[in-house]
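All chains, please: the whole structure from these sequences, using the hints.
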Amino acid sequence: MATNTQIPVADRRVSEIAPGYTFSTITEKISNIVLSRPVSLGWIVGFVIVFSMMNMLMIALGYLFIKGTGIWGINIPVGWGFAIVNFVWWIGIGHAGTLISAILCLLRQTWRNSINRFAEAMTLFAVACAGIFPLAHMGRPWLFYWMFPYPNTMRYWPNFRSPLVWDVFAVSTYFTISLVFWFVGLIPDLATLRDRADIPLVQRIYGLLAMGWRGSARHWHRYETAYLLLAGLATPLVLSVHTVVSFDFAVGIVPGWHTTIFPPYFVAGAIYSGFAMVLCLAIPIRAIYGLQDFITMRHLENSAKVMLATGLIVAYGYGMEAFMGWYSGSQFDSFLLWNRLHGPYRLSYMALLACNIFIPQVLWLKRFRVSTGWLWIISFIVLVGMWLERFIIVVVSLSRDFLTSSWGMYYPTKWDWMTYLGTIGLFLTAMFLFVRILPMISMFELRTLLPESHVHEEAEAKQ
Amino acid sequence: MTTSTSMRDSSIYGLMAEFDSAQELVDAAHKTHQAGYQKIDAYSPFPIEGLAEAIGFHKNRVPLVVLIGGLIGGISAYALQYWVAVITYPVNIGGRPFHSWPSFIVVTFELTILFAGLSAAIGMLVLNGLPMPYHPVFNVPEFAKASDNKFFLVVFSSDPKYDAAGTRSFLTGLAPRMIAEVPS
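From first to last, the protein sequence lines are chains A and B. All residue numbers for the first sequence refer to this note's numbering, where the first residue is 1 and numbers rise by one. All residue numbers for the second sequence refer to this note's numbering, where the first residue is 1 and numbers rise by one.
The hints are simulated quantities; they were obtained by calculation from the structure and are not laboratory data. Since this is a predicted model, take the numbers as computed values, not measurements. Check each hint, because a few of them may be wrong.
Said to hold, decoys possible - Derived pair list, reagent style EDC-like, types lysine to aspartate or glutamate, alpha-carbon separation capped at 20 Å:
id : chain 1 : residue 1 : chain 2 : residue 2
1  : B       : 145       : A       : 16
2  : B       : 145       : A       : 452
3  : B       : 59        : A       : 224
4  : B       : 59        : B       : 159
The structure is reproduced here in structure tokens:
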């Protein structure tokens, strides 16, 4: 019986996965990273560093809870400071994971199958980091549940006309659906780990998480439907999240915030920074764990192209802001542009233009897209650039509003920096644990990329 | 080959046949279903197009569950906002009408997605009967490969057409790698 008579043309040209792999070698290579690979000295050293950074976050937050937000550099007029800058930055980074797992799934871009798992993990950890900031910025974070509509003795209810309330719903839905999507995607692979684990306790833990998955055809059928529907639901969700985040600004009247271009410009910027983070993580991980056969140059190059495209949308956004500053004839809007170019924060605006617009243009050249070293550097630059963008939107706009009497400067304190670097520690700590505890590449989706997985009805009909 | 006189041996859950490829499994499932076996199942390490149809499974209610979940989420979100803003806690904010519906779209949208998404995941698990920590097919040691690189077909002993000897010889005709009894 022919098992592999025809390979679809589309599969022949791609190198989504290096040739020579079978179902069992895929399983072995990915599950062994979790089950049998010894913990290396490099991992321990790296983990100690990022875990220390995470503890710095704990110290910064602990002191914040004792003293209040006065330890930060925020003031009047700049009430939002680092907390909101970092919140928007982290949420944006999360967007690439959902884009890869949901939108590329709907578009049948099978190359996503080898990067979606860790991109989704990246989303979860990034949204967790993002969530810390608005909570900490509240001043009284233990009362966070006041934002939710629930019957209470104060007999008050949230104001549903406020974008800040929309944000609560958008971000909490985003986190929940990302978690569900990620976990549903993990179930079949957890079953593989359960079936391969030698240590009884490990087997029990994976068995518990796999919930008795046995790969029944009925189960797969419902599973695929549910997965596709989740992808279909996550797609508008991810576009809505950064749109709602941009409403936090656009609904306000501050110059630099009150623009209709914000929603698409924020979403494009989110995907831009998210793909930069995917590359920053994927390039070292594939080298360390020898996954070049699964995360091929094609994946890196495609990610670079997405970065280039979304970067151009972001550049269009900057251009349009400048154009409106001139064309609107509003003195506040034209001052905004002048202030960005010549004001006290001009260096950050120059750096922003360099990081987000000029330097990434080298990605037009294939030489840079296929060099892992260059790609990593450019991705890092984009991450810095996107952080600066949020800094400029939040801080520069607030520091110069309509009345000169209410102008003021914002300088971050060491506690601001500790909190920010601390969340990077939290993110990386979670990433370090993830690559050793869960399969970082989806095994069952990789199996479907092999030609042997394709079944031909004709072969059956002939008999 | 063991021959059992009892057609309904309650200590046997079914007969399992192991195959090497997805193609073989789909073909075998087709033949088994065409031979009149109703209570059969196929197991594979990845989703195979057409396999569910091959074993005669067509009723998939996950989309309906998701639709109902989404509708409940959307309607309850809008109703909650209307009730809060118009009936129980009307506050004049910037002179906007109490029923300022454009402002209510965002939360309605988010809760539609939330409820539909949770319905998709929970509905899929519940309809699949998961979590189910114990299942008889796990009693066959070779079945550990069902999550790796092997493909299995099981005819349940509850099938009206099942008889230990006849079913076994039928499965042997499908040229499997091996046949095993699944103890319940």
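Now the hints, each set against the structure:
1. B:145 - A:16: 25 Å, violated
2. B:145 - A:452: 16 Å, holds
3. B:59 - A:224: Given that 20 Å is the threshold and the Cα spacing comes to 14 Å, the pair holds.
4. B:59 - B:159: OK: residue 59 (chain B) and residue 159 (chain B) at ~19 Å, within 20 Å.
Consistency with the previously given hints fails for number 1 only.
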